[in-house]
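The task is simple: from the sequences and hints, build the whole structure.
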Amino acid sequence: MSSIKEKSIDVATQEVLKKAQDESIRTTWDRYEAQLPQCGFGQLGVCCTVCDMGPCRIDPFGEGAQVGVCGADADTIAARNLARKIAVGASAHSDHGRDVALTLAMLSENHSHGKKGSHAHTYEILGIEKFKALALEFGIDVSAPKEQIAKELARKLLEEFGKQEGELTFTKRAPKKRQEIWKKLGISPRGIDREVVELLHTTHMGVDNDYKNIIKNGMRCALSDGWGGSMIATDVQDSILGSPVPVRGKVNLGVLKENHVNILVHGHEPILSEMAVKAAQDPELIKLAKSKGAEGINLAGICCTANEVLMRHGIPVAGNFLQQELAIVTGAVELMMVDVQCIMPALQEIASCYHTKLVTTSSKARFAGVTHIEFETERAYEIAKSIIKIGVENFVNRNKNKVNIPKHEMDLVAGFTKESVLHMLGGKYRASYRPLNEAIISGKIRGLAGVVGCNNTKHTHDYYHTTLVRELIKNDVLVLQTGCSAIACAKQGLLIPEAAQYAGSGLREICEAVGIPPVLHLGSCVDNSRILTAASHIIEEGGLGEDLSDIPAAGCAPEWMSEKAITIGFYFVASGVYTIFGASPFATLGSKNLTDYLTSGLEETVGGRFEFCDDPMKMAQLMIAHIDKKRRALKLKERATE
Amino acid sequence: MKQLYYDVKKCLGCRSCEIACAVAHSESKELLKALKEEIKSLPRKQVLFSKNNNYPVSCRNCKEPKCVQACMAVALRYDVKLGIVEHDQKRCVGCWMCVMSCPYGAIRPNIKTKAPLRCDKCIDKDEPSCLKACPTKAIIWQEEKVEKI
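Protein chains in written order, with my numbering: chain Z, 1 to 642; chain P, 1 to 149.
Mixed in with the good hints there might be a few duds.
[To be verified] The following label-pair restraints were derived from C-beta to C-beta distances: (1) Z:Glu604 / P:Glu37: 41 to 47 angstroms; (2) P:Glu37 / Z:Cys353: 46 to 52 angstroms; (3) P:Ala73 / Z:Glu23: 38 to 44 angstroms; (4) Z:Gln501 / P:Tyr5: 57 to 63 angstroms; (5) P:Ala70 / Z:Ala65: 39 to 45 angstroms.
[To be verified] Keeping only pairs whose Cα atoms sit at most 30 angstroms apart, straight-line, the calculated DSS-like set for lysine-lysine is: (6) Z:Lys458 / P:Lys51; (7) P:Lys10 / Z:Lys212; (8) Z:Lys172 / Z:Lys592; (9) P:Lys2 / Z:Lys458; (10) Z:Lys85 / P:Lys66; (11) P:Lys112 / P:Lys10; (12) Z:Lys146 / Z:Lys292; (13) Z:Lys458 / P:Lys137; (14) P:Lys145 / P:Lys33; (15) Z:Lys357 / Z:Lys385; (16) Z:Lys5 / P:Lys66; (17) P:Lys10 / Z:Lys592; (18) P:Lys90 / P:Lys51; (19) P:Lys145 / P:Lys10; (20) Z:Lys618 / P:Lys9; (21) Z:Lys400 / Z:Lys389; (22) Z:Lys592 / P:Lys9; (23) P:Lys66 / P:Lys51; (24) Z:Lys618 / P:Lys145; (25) Z:Lys618 / P:Lys10; (26) P:Lys132 / Z:Lys592; (27) Z:Lys287 / Z:Lys402; (28) P:Lys51 / Z:Lys19; (29) Z:Lys592 / P:Lys145; (30) P:Lys137 / Z:Lys592; (31) Z:Lys18 / P:Lys51; (32) Z:Lys216 / Z:Lys630; (33) Z:Lys592 / Z:Lys618; (34) Z:Lys458 / P:Lys9; (35) P:Lys125 / P:Lys36; (36) Z:Lys85 / P:Lys9; (37) Z:Lys212 / Z:Lys19.
Honestly, the hints are just simulated from the structure, not real lab data. These numbers were taken from a predicted model, which means no experiment stands behind them. Each residue gets a CB set at the ideal place from its N, CA and C atoms; glycine is no exception.
Shown next as structure tokens:
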């Protein structure tokens, strides 16, 4: 059994893990140990359960069976398994995008029928600038009334899901050269739903047997997420809820308050949690909380719902993926409301050991026997209020002897977007990517790194994220972050302007001049699309090549675990980005051909490729080496490694 | 005399041997039916994980078995001819001293039947069931090499 220090580098996590052990609460780390050894066939990707002639397994040592009952070899099996994961990952983010687009349709409908509630209690279009820019992209006349634009825009956005031919509108945001590559390879995504369905079709028994072709279709599906579903989610959320601007916040389990009603929002979609933010300030509920003996209502978040409400309102973040159970173990959480994705099925069992009420809100994500209050866009405020009320009323059930909130919390700055990076670097009156491009060209900023992704119980929590990011900024690489990776680094104090002291001299100079941290928090994992658009703006600005693959940049998901991460990896690689998956490789090692194709063959076709590496210092070296290679290709100033 | 050996480097931890063992010792000898039996058959073999290696662990049928020495009811005895430790359920009092004394942790108690579960090398079959179930041939069934003194 590994020690608490081997489980996490985060002190707050360690403290609550100790509490969990003392109280005999089984967490993900215990469940992981009970799973050992994990099946090698699954890890290598050579177990096939596609049809009922199986399950079949390929002996990676070469002595046993080398093909399944149907004749599929390790290459086909591993590629099909991977493709199915890409389809699931794309479905998750794109379906999130669909719901946001449907919210836009609903609000345009309500407004045109005069069903305008009080401003605070309904959805509005708060990011009007972005909304209009988006409408223009879809060829809508923006001089029309707002409701009409919204109706037309929602229709066109929803069409992106059902389109059968042509290309997704957002692919036009990519540099011309990149669009040509996609067209030439036949991987330009046509319709969001079509790419998922078609990819799944190709993995049915006896359809696509060529691992390269399976991966090609996988890339098209991933692109339909990155340049489609995810991008719609981000841009429409920014339109409805307002585009984030840099905001200060606090992070880690210490944000839970001993004398307050603690309500946690957990999951990924901000539409309901946005209303929860408002409802938590409802005077009626605050009065009720006080009547129950609490000082007030404290709303905090876990995972990407946290990132969403942090980005727009500075709501504190209680923790990232591996801290969701531990937040409950503090004994101080009255209620956790969850929506979709990355919500551990174990939560209810842990909640039942304390007074915590778990409430599910999405028709897509329920637990047997758990209170379900289904979210409806039309009655969002009312629903959010009723859920929070349950939490407030639960305050009296809190067992004070079981409460132990770690004191650790850290400041952070979040709220960077492709627009706000623009403003920060160029100043309010000359918003432009020019200063960023100049800084990269001069070598003050060596290059850019996107460090994103999850936590994984298999590996020391937060260690890979923070070690990698520290090393990158030390070497003058500006780091862009999303998701649980951003939360990991925030907890270690890397997301405040003062963190510039850990940066190399060039990056430090830029950060201090502009007043930004060396690590920029761009939002939730669906917001990885922000990195794609920001990179496209960099190319548009000029001086750093003609394609995304020319930029001195690299991507990494150091502690990934979800299928969404795989899809994100694929849309980055298919967009020309060198992308490292840390900690554990994809489940493809049982097929040498497929693994070689992903880690080298792909570069010839799309300009990006995967790398698998389980040492954060080595990851940093690989990313820096790639950045320097790209700098040389652009004939930029050489940089010596510090 | 044939014994079970393992090529630890080839063990992928899929636990197919555990399932095959449980099925072989069930009433029905069929996976889907075995799951519905009132007293569930349990595997006599377990794959354990330590320091990046997987170790299939089962009774080694030691020549000087600690479990036989520890059995106060004389329910366990070593059959020299067959080379296996045999268990007489009628004599067993369920004290679990055999479980405690096995240096390999290879005996597990079946609480329901009050019987110690140990590998019997599938003595009623031509070869152990786990052997056939291993997809990487990490389980080896071969004559014991007796070192000459």
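Enumerated hints in conflict with the structure, sorted upward
Violated hints: 1, 2, 8, 9, 10, 11, 12, 14, 16, 18, 24, 29 and 37; rest satisfied.
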